[in-house]
Amino acid sequence: MTQPPVLALNNVSKSFGPIEVLHNIDLALQAGSVHALIGENGAGKSTTMKILAGYQPPSAGQVRLDKQIVTFGSLQDGEAAGIVMIHQEFNLAEQLTVEQNIFLGRELKRGLLLDKSEMRRLTRDYLSRVACDVSPDALVSSLSNSEKQMVEIAKALSREARVLIMDEPTAVLTNRETEVLFEQVAALRDAGTAILLTSHKLDEVAAHSDQVTIMRDGAVVHAGPTAAMTEDEMAIAMVGRDVSALYPAKPDVPVDAPVVLKVEGLSVPGFAENVSFELRQGEILGIGGLIGSGRTEVMEGLAALRPASAARVTLFDREVRFKRPGDAQQAGLCYLTEDRKLRGLLLERGMRENLTLANLHKFGGMLINRAAEEAALTAAIAEFDIRTGTRGVKVGNMSGGNQQKLLLAKVMLSEPRVLIVDEPTRGIDIGTKQQIYAFLRNLADAGHAIIVITSEMPELIGLADRVLVMRSGRISGALEDSDINEGAIVRLSMGLPAEQTPEMA
Amino acid sequence: MTDTTTSPTTGLRFPSMSVLGPIVALLVLLAIGAMMNANFLSAANITNVLARSAFIGIIAVGMTFVITAGGLDLSVGSMAAFIAGLMILVMNAALPSMGIGIPIILLGMVTAIVAGLLAGLLNGFLITTLGIEAFIVTLGSMGIYRSLVTWLADGGTLSLDFGLRSFYRPVYFDGILGVSWPIIVFFLVVIIGEIIMSRSAYGRHCAATGSNEHVAHYSNVNVKRTRLISYAALGILVGVATIMYVPRLGSASASTGVLWELEAIAAVIIGGTVLKGGFGRVWGTVIGVLILSLIGNILNLTDFVSPYLNGAIQGVIIILAVILQRERKAVS
Numbered sequence: 001m002t003q004p005p006v007l008a009l010n011n012v013s014k015s016f017g018p019i020e021v022l023h024n025i026d027l028a029l030q031a032g033s034v035h036a037l038i039g040e041n042g043a044g045k046s047t048t049m050k051i052l053a054g055y056q057p058p059s060a061g062q063v064r065l066d067k068q069i070v071t072f073g074s075l076q077d078g079e080a081a082g083i084v085m086i087h088q089e090f091n092l093a094e095q096l097t098v099e100q101n102i103f104l105g106r107e108l109k110r111g112l113l114l115d116k117s118e119m120r121r122l123t124r125d126y127l128s129r130v131a132c133d134v135s136p137d138a139l140v141s142s143l144s145n146s147e148k149q150m151v152e153i154a155k156a157l158s159r160e161a162r163v164l165i166m167d168e169p170t171a172v173l174t175n176r177e178t179e180v181l182f183e184q185v186a187a188l189r190d191a192g193t194a195i196l197l198t199s200h201k202l203d204e205v206a207a208h209s210d211q212v213t214i215m216r217d218g219a220v221v222h223a224g225p226t227a228a229m230t231e232d233e234m235a236i237a238m239v240g241r242d243v244s245a246l247y248p249a250k251p252d253v254p255v256d257a258p259v260v261l262k263v264e265g266l267s268v269p270g271f272a273e274n275v276s277f278e279l280r281q282g283e284i285l286g287i288g289g290l291i292g293s294g295r296t297e298v299m300e301g302l303a304a305l306r307p308a309s310a311a312r313v314t315l316f317d318r319e320v321r322f323k324r325p326g327d328a329q330q331a332g333l334c335y336l337t338e339d340r341k342l343r344g345l346l347l348e349r350g351m352r353e354n355l356t357l358a359n360l361h362k363f364g365g366m367l368i369n370r371a372a373e374e375a376a377l378t379a380a381i382a383e384f385d386i387r388t389g390t391r392g393v394k395v396g397n398m399s400g401g402n403q404q405k406l407l408l409a410k411v412m413l414s415e416p417r418v419l420i421v422d423e424p425t426r427g428i429d430i431g432t433k434q435q436i437y438a439f440l441r442n443l444a445d446a447g448h449a450i451i452v453i454t455s456e457m458p459e460l461i462g463l464a465d466r467v468l469v470m471r472s473g474r475i476s477g478a479l480e481d482s483d484i485n486e487g488a489i490v491r492l493s494m495g496l497p498a499e500q501t502p503e504m505a
Numbered sequence: 001m002t003d004t005t006t007s008p009t010t011g012l013r014f015p016s017m018s019v020l021g022p023i024v025a026l027l028v029l030l031a032i033g034a035m036m037n038a039n040f041l042s043a044a045n046i047t048n049v050l051a052r053s054a055f056i057g058i059i060a061v062g063m064t065f066v067i068t069a070g071g072l073d074l075s076v077g078s079m080a081a082f083i084a085g086l087m088i089l090v091m092n093a094a095l096p097s098m099g100i101g102i103p104i105i106l107l108g109m110v111t112a113i114v115a116g117l118l119a120g121l122l123n124g125f126l127i128t129t130l131g132i133e134a135f136i137v138t139l140g141s142m143g144i145y146r147s148l149v150t151w152l153a154d155g156g157t158l159s160l161d162f163g164l165r166s167f168y169r170p171v172y173f174d175g176i177l178g179v180s181w182p183i184i185v186f187f188l189v190v191i192i193g194e195i196i197m198s199r200s201a202y203g204r205h206c207a208a209t210g211s212n213e214h215v216a217h218y219s220n221v222n223v224k225r226t227r228l229i230s231y232a233a234l235g236i237l238v239g240v241a242t243i244m245y246v247p248r249l250g251s252a253s254a255s256t257g258v259l260w261e262l263e264a265i266a267a268v269i270i271g272g273t274v275l276k277g278g279f280g281r282v283w284g285t286v287i288g289v290l291i292l293s294l295i296g297n298i299l300n301l302t303d304f305v306s307p308y309l310n311g312a313i314q315g316v317i318i319i320l321a322v323i324l325q326r327e328r329k330a331v332s
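These protein sequence lines are chains A and B, in that order. Position one of the first sequence corresponds to residue 1 (the numbering used here), numbered consecutively onward. Position one of the second sequence corresponds to residue 1 (the numbering used here), numbered consecutively onward.
Simulated from the structure, these hints should not be mistaken for laboratory data. Only a predicted model underlies this, so the values are computations on that prediction, with no experimental measurement involved. Every residue gets a Cβ at the ideal spot worked out from N, C-alpha and C, and that includes glycine. Some hints could be false.
Said to hold, decoys possible - Reference listing, derived: stretches of chain A covered by chain B, where coverage requires no fewer than 3 residues with Cβ under 8 Å from a Cβ of chain B: (1) 324-334; (2) 348-354; (3) 360-367.
Make the full structure from the sequences, and use the hints.
What follows is the structure in structure tokens.
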């Protein structure tokens, strides 16, 4: 590239507290070019975009706009410099009209009053430039997702964006809407705008971007022209990491181990359709797939935490039909939520009340037996190695790792025989991760059956005896033994076949 | 922020300000009252304050559960007026056939409790099953009951038959060992309420539901049923309060129970229960009720401040109580 970049990150690092999440990132956006930023969940794409857009300052390194080092004090500074970011969940006021949204916060005035005719004229102009056929007076709440996306782009035009940053713009769009979006992206590029977008759909990246930057674990692992790479090469670059001895050894689950859970035709309206699988005693079954692929919703539906229907669910050779979460708990099936802060634990309360909340019936009849609760807490602290300064600490003040251990202790009070854990190690340190992996494996060895939903590839590969990959609410493939590898999982979750294409081999 | 931020307070901090606050406020009021007027601590005055507190107090105990579970009920004052009117109509209508006696009093009591239960269940059903906001539902039912009692009384006053009233009077004015029935019932409701709140699974479920209903749901707590029960229990307690109230005046009108809902809510909040739910204590509510009653009582007994300023002082106390709650959050 001969021309200088419009916006660039030079050797940028970012830390949250003591943890560095971005390491020495270099990224350059050229005018008139579409740049794709790809990587696994948690690779650091969002943070990188936020630094580019001026939402967050870098901890080290420089952001350069037209070769000048800039420090954005706020989001407004970024917008003033012509950098506009479109979030995955749109940043539009639903109850205002298209015109009001486009000029929100920077309304044109004539004297003391709004200059409505001028704003309307400009709105029509912007909308026609993105070939969007909606009225300036339409309420945003009445628009489709693709129309909202176009209004966002029109809004970016009205700010005379030189750099447009889009976080997963196609995640909520249908195929047809995606086509329209990329037509407009191409038009903007031809008009000289620098565009950065992220996507989990590698076919889109290959078809519509000029440059690609691939991130892994907070660092750039590859940057170059898109045309020089195949989709499979992108997938390999996104993953490709050695799995260390973090995980306990996998004993071979006997092929004749009894099937303890058999799910046939499970559907969760809006999230998943016709999901079927089996779970054997002593097995850890991993569920992979992207966030939003319906993994969590399927398991919540199974545990009756959300409305779901199934052709047939057999648990321990008995057909079951759970109406309420309590039914599943009684039958020995428990689900441990991925969101320990919003769904798992009462952050304002202490450990004792959290530990026993789902099992108060085991602690006294009419009145709660506090001594028994305290004894259970003492046992849980010892068994799960929960480390806190005082017993009376509010759960919200505990570290993520200790919260997760408490949550595990809470669900184990229900004595589940089938345990579903969702993102069991999200946001916790490596030592605690290892303890949790060891605990889950011991539980399986003791004859329980376990399902682990996780976005972390190494966890899926290191922990699971068998892996199901979900995509768009369906199971897109199953992997066993030596077939479980990152490339295959990524390909399945991206909608490609598990095996590499022949020309790659 | 400067570099001189204070380090968070650590170690043993009990009893915290949120526990001490209401108790200290009550003691201060008692001291002020005792200094201002020699009769303040007399048995007659204390009994009078307690008996007047009993109606609001019984309702406020129920309100503590509703608020703790993340709800609100604005309809209790109108509901009390409506139940009082209904009770009087039923008893007057049954008088020719049943005559004056225990059975007709029992009929009135059953009427009050069943009406309270149904009214509470209706509020609860609309809020939990139909998912309408508690504020809206109970604002609506507040208007409905107030209007119904006005209509039943034809704009005037519904009066209990004179003979019946004399027979029923002891329920308010008599008692055991000089303690009147309203005080005894209030005391029992408080004891039972405190035990349920702090020692039973239902109390825990209320706090969990109000604290974070998602966590409660994922912990197999039946969120809807927990809330429904809190409204139904509050309805029953409104019925109980009405049973105590009717013999006092022997009548009901459009002005019966006006602003009781706000007094009950204020007592709950002064007592340290969190308005947005998740934490409640019945004993605190009792202190809140007593604080509100004592302010009025002291102003009446002394000429230091005009009794007309009663509402202003109560208002200050309510706002102060909430500020103290906020500080508790900021410290932790």
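Requested in this report: Verify the coverage statement for the region 324-334 of chain A against chain B, using a C-beta to C-beta distance below 8 Å and requiring 3 or more qualifying residues.
Outcome: Coverage by chain B holds for the region 324-334 of chain A (4 residues, Cβ < 8 Å).
Query raised in the report: Checking C-beta pairs, does the region 360-367 of chain A have three or more residues closer than 8 Å to chain B?
Result: holds (count 4)
**Report entry** Coverage claim, chain B over the region 348-354 of chain A, checked by counting residues with Cβ within 8 Å (three needed)
**Finding:** Result for this restraint: holds, n = 3.
Every hint, counting from the list given before, is met by this structure.
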